[in-house]
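Asks: As a plain string of letters, each chain reads:
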Amino acid sequence: MPEVKLLGGLRSKVGAESLKVDADSVHELLDELVERGGQALTVLFYEDPLGDPLVPHRDLRILVNGRSIAFLSGLDTPLEKKDKVTVHLTGARGFPGG
Amino acid sequence: MTAGGWIGSVLRVDLSSGEIGREPLHGDHARDYVGGRGIAARFMWDEVEPTVDPFAPENPLIFATGPLTGTNASCGARYMVVTKGPLTGCLTTSNSGGRWGPELKFAGYDVLILEGRAEKPVWLWILDDRVELRSAEHLWGKGVFETEDILRRETGIPDCSIASIGPGGENRVLYAAILNDKFRAAGRSGVGAVMGSKNLKAICVRGTGAVPVADPRAMMAAQWEQKEVLSKAPLTSEGLPAYGTLALMNVINEHGALPTRNYQQAQFEHAENISGEELAETRLAANKACFACTIACGRVSRISDEGVERYTVRTSPRNWKHATEGPEYENAWSLGADCGIDDLDAILKANLLCNDLGLDPISLGATIAAAMELFEKGVLSEEQTGMPMPFGDGEALVALTEATGFRRGFGDDLAEGSKRLGEKYGHPEVFMGVKGQEFPAYDPRALQGMGLGYATSNRGACHLRAYTVSAEVVGEPEPMDPRATDGKAQLTVDMQNISTAVDATGLCVFLTFGNTLSDLTPLLAAATGIAYTDDDLVLAGERIWNLEREWNLRAGVDPGEDKLPRRMLEEPIPSGPAAGEVNKLAVMLPEYYRARGWTDDGRPTRDKLAELGIG
Chain W
79 MPEVKLLGGL
89 RSKVGAESLK
99 VDADSVHELL
109 DELVERGGQA
119 LTVLFYEDPL
129 GDPLVPHRDL
139 RILVNGRSIA
149 FLSGLDTPLE
159 KKDKVTVHLT
169 GARGFPGG
Chain E
3 MTAGGWIGSV
13 LRVDLSSGEI
23 GREPLHGDHA
33 RDYVGGRGIA
43 ARFMWDEVEP
53 TVDPFAPENP
63 LIFATGPLTG
73 TNASCGARYM
83 VVTKGPLTGC
93 LTTSNSGGRW
103 GPELKFAGYD
113 VLILEGRAEK
123 PVWLWILDDR
133 VELRSAEHLW
143 GKGVFETEDI
153 LRRETGIPDC
163 SIASIGPGGE
173 NRVLYAAILN
183 DKFRAAGRSG
193 VGAVMGSKNL
203 KAICVRGTGA
213 VPVADPRAMM
223 AAQWEQKEVL
233 SKAPLTSEGL
243 PAYGTLALMN
253 VINEHGALPT
263 RNYQQAQFEH
273 AENISGEELA
283 ETRLAANKAC
293 FACTIACGRV
303 SRISDEGVER
313 YTVRTSPRNW
323 KHATEGPEYE
333 NAWSLGADCG
343 IDDLDAILKA
353 NLLCNDLGLD
363 PISLGATIAA
373 AMELFEKGVL
383 SEEQTGMPMP
393 FGDGEALVAL
403 TEATGFRRGF
413 GDDLAEGSKR
423 LGEKYGHPEV
433 FMGVKGQEFP
443 AYDPRALQGM
453 GLGYATSNRG
463 ACHLRAYTVS
473 AEVVGEPEPM
483 DPRATDGKAQ
493 LTVDMQNIST
503 AVDATGLCVF
513 LTFGNTLSDL
523 TPLLAAATGI
533 AYTDDDLVLA
543 GERIWNLERE
553 WNLRAGVDPG
563 EDKLPRRMLE
573 EPIPSGPAAG
583 EVNKLAVMLP
593 EYYRARGWTD
603 DGRPTRDKLA
613 ELGIG
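The listed protein sequences derive, respectively, from chains W and E. Each number in the numbering used here comes from the position in the first sequence (counting from 1) with 78 added on. Each number in the numbering used here comes from the position in the second sequence (counting from 1) with 2 added on.
Okay, chain W solo, but in the shape it has when bound (with noise of 0.2 Å):
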């Protein structure tokens, strides 16, 4: 299963540094995080939680093996088994640049 790393205040949300899922798409993971952490999480992860169809809020940032979604498929990027995913969100909740 691919191996998750949160940073930042994500980890108290979620109760956890790291963690196995399974999922297929980085969609299934998010969902797959939702479950763990509750729905709160939806507004941190979505701009329009409703939305459909769900874009990724502006101040999430998920890399695929050290690789931003947002030069691979985005929401659908697909993830395999050995496949390390890193989720942060750059806001205190998250994590800052600077």
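Don't take each hint at face value.
Computed cross-link-like contacts, DSSO-like style, restricted to lysine-lysine with a CA-CA straight-line distance of at most 30 Å [stated by the list, open to error]:
1) W/K162 with E/K586
2) W/K98 with W/K160
3) E/K234 with E/K290
4) W/K83 with W/K162
5) W/K83 with W/K98
6) E/K290 with W/K91
7) W/K98 with W/K159
8) E/K586 with E/K610
9) E/K234 with W/K83
10) E/K565 with E/K426
11) E/K184 with E/K290
12) W/K91 with E/K234
Calculated from the structure, these hints are not laboratory results.
Here the structure of chain W is known, so what remains is to put chain E in place on it, guided by the hints.
Replies: Frame of chain W, contents of chain E only:
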């Protein structure tokens, strides 16, 4: 002069003769170069022979504020120290916050120019229009912290602000810093060594005046709007206050762009141990702000009991026990990952010593990292270094930090920086930097834009001149592929011009994580009465950048120095997400020169200089 923003006064002190004079600030220069870095660079252009020896009395040391320094604009705390830097031979510009810059303006001065060299150690006391030089013989040899405590008692004014040097500056460590308010630093390029060469220990300033503004009502409206934007932007409202810049440690590591063991790797297996999360969980006491700042990215930290025991040093009688400030991301990287060290206590202690001794932690850590590489490769022996110093040795880090400040033993070699260290021992390839100055904390093989920014920086390798990390990692204002070269030349030019303009205003460049130039121009207009546009500010940034470049060329800094070490160009990152990458500077540099409107070999054209009014 205009009705506000600038005070309109320059204080000039000749340390050789003791003569103190005041002169009006040149109005046209203030308008065109805005302030701080810009005005001071113009002084250097008009008055200083570029080939001057950095330690000669003829090399001035200029402290310059901007028109928004000391106003109620958020982040209006900054001043710039400008001189010819001994580490690089370039016109150097080193920025600091805290309270010192605002106090200089409250005392009635925009700019302080120090010339000559005092015969014996002195300190300068500025209390409004009372300005005097006093003997500092009792302060010479003391650290920054004790110097500040003594001067506060001596002046009887505990809330004065003090900029001083420690033993590092006195001993002309080539990357000695000037510290103010104990923990805020004009850190890079050796401005503290120039201050030491002038036998000037400290500048103590207290002002009882205020900064006039042309339109107070408009100023109030503009600063509320600026702060409103900062309060809503995620980085400036939440990210930086909560985690400081150290939050970047894990982020950059996950991108495979964290230089490790003198740039031999680009991922540190123990990054988590020195990360923002670790600091916040185990050692963070509070955050802290500079004057008028609504972001408050500063860290107040504790060294653990165990760390205090382990890293006690001889030079700090009180040893400062647990309380300290920092570390910033750059310092935690240079003293940590770059040296292969994952002990946060060792990093905090070395960082504390850098503040007290007056050293730039980036260049210090990077120089120790280069020495550690030489030690591990058998070029340096324990006999030469005085101790074992493999990568990962926190005790060696702390001991060598102290030795460097006093130029004791092997510290004398380290005090020269990694370029000269590598050359002395026949291995110049261990120098990871540009124009004599060490790289900061981003591997340019993984982040192409940072490589171009480092190579073309006017003060030697620097992350603050063009922070392309913003686009390449953080994704602001728009994400750009960190491994692509497309668009990086224009991005670098734009960021250099904008950062230079922000520096010149007297504001902190960190506000650009929330504010745009459009938030700043109303502040400038309200303060100065001049209706600056965004384009005016970008043009001012371009003007200052070109002037600095041309001054450097005349100083003998050849465009061929716009280069990166061979390791960055030919040795691919060995592992991690960016494995196999090298920096493609040869692709980006010609595009950069074209985007600047310079000649193919990197020189500003006559037309460009004329267009910018530089002549």
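Asks: With reference to the structure, classify each hint as holding or not holding.
Replies: A quick look at each hint next to the structure:
1. W/K162 with E/K586: holds (27 Å)
2. W/K98 with W/K160: holds (10 Å)
3. E/K234 with E/K290: Since the Cα atoms of E/K234 and E/K290 sit roughly 19 Å apart, the hinted pair holds (cutoff 30 Å).
4. W/K83 with W/K162: holds (8 Å)
5. W/K83 with W/K98: holds (9 Å)
6. E/K290 with W/K91: Roughly 26 Å between the alpha carbons, so the hint for E/K290 and W/K91 holds.
7. W/K98 with W/K159: holds (9 Å)
8. E/K586 with E/K610: Holds, because 27 Å separates the two Cα atoms, which is no more than 30 Å.
9. E/K234 with W/K83: Between E/K234 and W/K83 the Cα gap is close to 27 Å, so the pair holds against 30 Å.
10. E/K565 with E/K426: The hint holds at about 21 Å.
11. E/K184 with E/K290: holds (13 Å)
12. W/K91 with E/K234: Given that 30 Å is the threshold and the Cα spacing comes to 22 Å, the pair holds.
Violation of the numbered hints given earlier is absent; every hint is satisfied by the structure.
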